[in-house]
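Protein chains: 6
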Amino acid sequence: MAVVGLYIGRFQPFHLGHLEAVKLILRQADELVIVVGSAQYSHTRKNPFTAGERIMMIRESMKEAEISLERVQITPVPDVNVHGIWVTHVSSYVGKYDLVFSNDPLTSRLFREAGVKVEKIPFFNREVYSATEIRKRVLLNQDWRELVPRSVSRIIDSVEGVDRIRMLFQTDNPTL
Amino acid sequence: MAVVGLYIGRFQPFHLGHLEAVKLILRQADELVIVVGSAQYSHTRKNPFTAGERIMMIRESMKEAEISLERVQITPVPDVNVHGIWVTHVSSYVGKYDLVFSNDPLTSRLFREAGVKVEKIPFFNREVYSATEIRKRVLLNQDWRELVPRSVSRIIDSVEGVDRIRMLFQTDNPTL
Amino acid sequence: MAVVGLYIGRFQPFHLGHLEAVKLILRQADELVIVVGSAQYSHTRKNPFTAGERIMMIRESMKEAEISLERVQITPVPDVNVHGIWVTHVSSYVGKYDLVFSNDPLTSRLFREAGVKVEKIPFFNREVYSATEIRKRVLLNQDWRELVPRSVSRIIDSVEGVDRIRMLFQTDNPTL
Amino acid sequence: MAVVGLYIGRFQPFHLGHLEAVKLILRQADELVIVVGSAQYSHTRKNPFTAGERIMMIRESMKEAEISLERVQITPVPDVNVHGIWVTHVSSYVGKYDLVFSNDPLTSRLFREAGVKVEKIPFFNREVYSATEIRKRVLLNQDWRELVPRSVSRIIDSVEGVDRIRMLFQTDNPTL
Amino acid sequence: MAVVGLYIGRFQPFHLGHLEAVKLILRQADELVIVVGSAQYSHTRKNPFTAGERIMMIRESMKEAEISLERVQITPVPDVNVHGIWVTHVSSYVGKYDLVFSNDPLTSRLFREAGVKVEKIPFFNREVYSATEIRKRVLLNQDWRELVPRSVSRIIDSVEGVDRIRMLFQTDNPTL
Amino acid sequence: MAVVGLYIGRFQPFHLGHLEAVKLILRQADELVIVVGSAQYSHTRKNPFTAGERIMMIRESMKEAEISLERVQITPVPDVNVHGIWVTHVSSYVGKYDLVFSNDPLTSRLFREAGVKVEKIPFFNREVYSATEIRKRVLLNQDWRELVPRSVSRIIDSVEGVDRIRMLFQTDNPTL
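Residue numbers (this note's numbering), protein chains in the order written: chain A, 276 to 451; chain B, 276 to 451; chain C, 276 to 451; chain D, 276 to 451; chain E, 276 to 451; chain F, 276 to 451.
None of these hints come from the bench; they were simulated from the model.
The reader is advised that the hints may include incorrect statements.
For identical chains, the list gives no copy identity; a pair is met inside one copy or between any two copies.
[What the hints assert, rightly or not] Using 25 angstroms as the maximum straight-line C-alpha spacing, the simulated DSS-like pairs for lysine-lysine come out as follows:
#, residue 1, residue 2
1, K338, K392
2, K321, K371
3, K392, K371
4, K338, K411
5, K298, K338
6, K411, K392
7, K392, K321
Bound-form chain A, shown alone (with noise of 0.2 angstroms):
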């Protein structure tokens, strides 16, 4: 039977090394469930992107790099606020999954508790490819377009993503 790995980001924006690692898990997996955090948010300085625009994110950039999305399932969750729910919430919206690939020791720990196996996965040059990193050259004015696959660059353009970014880092709208 298909083995089905899990691995949850929240892909603010989608880059080079989350696609180094689809490629390392389907190595070990037959089928992926790639989770979309915080699905609620977007429009803020840590979650710019709404969860429409990070699933197309993923989308096209599996079809530029030749990943079939008949192995790949990209699920949006929101989040809970209660953490001790958070594996069975996630569970809700994934159905059958074998093991979770994650480096992260907490979210390791209460996967386990709950009885699922956790891999690690091995990035490469994480402190480069890094959303947070991203964004901040996005900021800055540097080039941040050499970290992400050509799909996610054209659709940070397509709805000027970058104007967005240097705005969330601007205002000062008390209610947003």
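On the provided structure of chain A, position chains B, C, D, E and F as indicated by the hints.
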């Protein structure tokens, strides 16, 4: 550029009427986002299956019907109880789309008011191919399998779905 | 010092019975806060109009009846579903007030328990001047305009409210 | 080590059937956590009493029946409306427990699926010793006091509970 | 037809800079809806005053400045934490409006994306006429009264607001 | 009639300072309700333990200190983020009480405004007996056991609490 359509339902469960609709829509649209509504609910009489289970049903039905998942994105969306913001909320989970397929007069009107094009879906035999009918047949121990793709039948069995639906009608757990 | 009264309703829509109540209350109070309850709802069968539309109805009806808005503040208040804190919740949206006008026994009791004075309102012809009756007449294509101020009739037309109410009774959109 | 049991109800109000169940459970378990469900509700027809009032009813009934509170913890738990995470949610309010006492088929199944042992409770005369029956008798001015411990009767009087229940059936406060 | 403008703020508290803005806007618009944002908050360091208190401040300031309340509607709007739907949410509380007055780049962009006209407000001396500055002066026992209309000063006194702000900075109540 | 006191904290974890406070309060009150605030949180840096774990800590500490649970009710209360209704919210979880024990100026003021009597608690050595200090010591591998009752130490071990707190400071799980 690719035309992206939107098709919204709860899919409790996904049945042959839904499958027929997907096929018809894919003649008019290049890509389709299937929105799995009321995503946060499960284990209720009207919403017995989790979002994850419903996504699995749809993915497996696509494969069974040889519809490429390169063209179909399946996206769970939790309800907002504030209807005035429903179209905006759904849109934030979807990204760019060009038209909505719906036979429902209110859904159609709300999307049209928001400036979105709406098309009707030529359903066949709506009385029989209905999720309400299927849940009723499960309860009454009548033949429901003829109304769903074989993959859906298999997934319902694998999660003991018949048993679950029956128990949901027997319970008087006051807090569920 | 000015005596401030409170008058609470959903005003779906604001009608001539409500207007009469406002006039009677303004004989006993110097100023009046009209609380537009269930403010977050719209586009449902019991709550077809948005808070904004209901505020407009009341403002225009005040002007039509030559009641000065210097004496009347219209304040939308979203519901809390936890009834034990309802009086405190409403009060936090209102500021200082001296008495509540209500014919409802529970509303009266809750405010009295919180130490607030409650007065009855002498309504006239409650069976006919009722928002439920008006929504029913709209649906059945009977004369509803005779029951509302002309301004309300005009605003309902300007938002295609008749059409909206009818569609709300036809829809089977599962997630609305 | 001490065996800890779980007993879940809304206790609107706590009655002699509940008390009998507690006694029976304490023959099988060393300690008992009584979960007061739907804790956030009060002042509704199905949930007239606050969590605090219900806790008082249970504590006083324990003392009246000479059941030691060293063995019984009473814990209010607010509802989650997402049933798929209900067992995890309840567990986070309870700490370590060994088995659940329940006659409800769904409750039993959900806990069993989560790996928890479930035992039946031999209730006596379920038609009469029912909170629904008691609320109905209060409304119809019939004898309800014979169905509850004397402490519960006293607490209901002290919060004017009879009056409260009657008013909850008369109100048409639209926002309550 | 009357031109309706929108002016959004938290008004913690309403000050002379806000008043000046209202005057300038009323030269360009026939009517103005003042949206009191973050309406659900109070008793926090950034939001010391309730929505009701802030509405009172604005109403009394209008009267003091001889601005007719026939032209000004004051509407509290609770926050949504999902920014992608913020414009739609605010609009549902407001009804028909023609343009928004704002100096904030993000607010401006979000409304423009939604097809709403946005105008700048010529503020004077923004460093001094700022609610943050006022709350700081209250805390440090410096002259804050010169920055607010006399009515606001009076209302803050009547709710012991100075004392409240100071306590909000002393508390370590863990659950507040 | 019995005098009932209220004592509110988060108890992350319950320590010897809290225990001393309970003892002092029980000299002035016949019964005590210990409110375990922020009950819905766990697995965060400031709230590592679930409500259930915290209740267990307090119950076992009472037994260890030979304080009768006939006199002490331990009640978890989830936060409301709307501070203006906080006193009412807490009260609905507690039932009848006569006075609150608190050293916090804001808590004291809010209860006094609601007409409740407030008493100070003579704490000893507040710098050392602090939950923040304990969590810091756990993180830095310093002696924290001397600051808590032996029962608390044992419960923290049984849930691998030291490990949990350390992981909470290492994680960069974006959705936790």
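Next item on the list: Hints the structure violates: just list their numbers, smallest first.
Entry: Checked against the structure, the hints that fail are numbers 1, 4, 6, 7, while the rest are satisfied.
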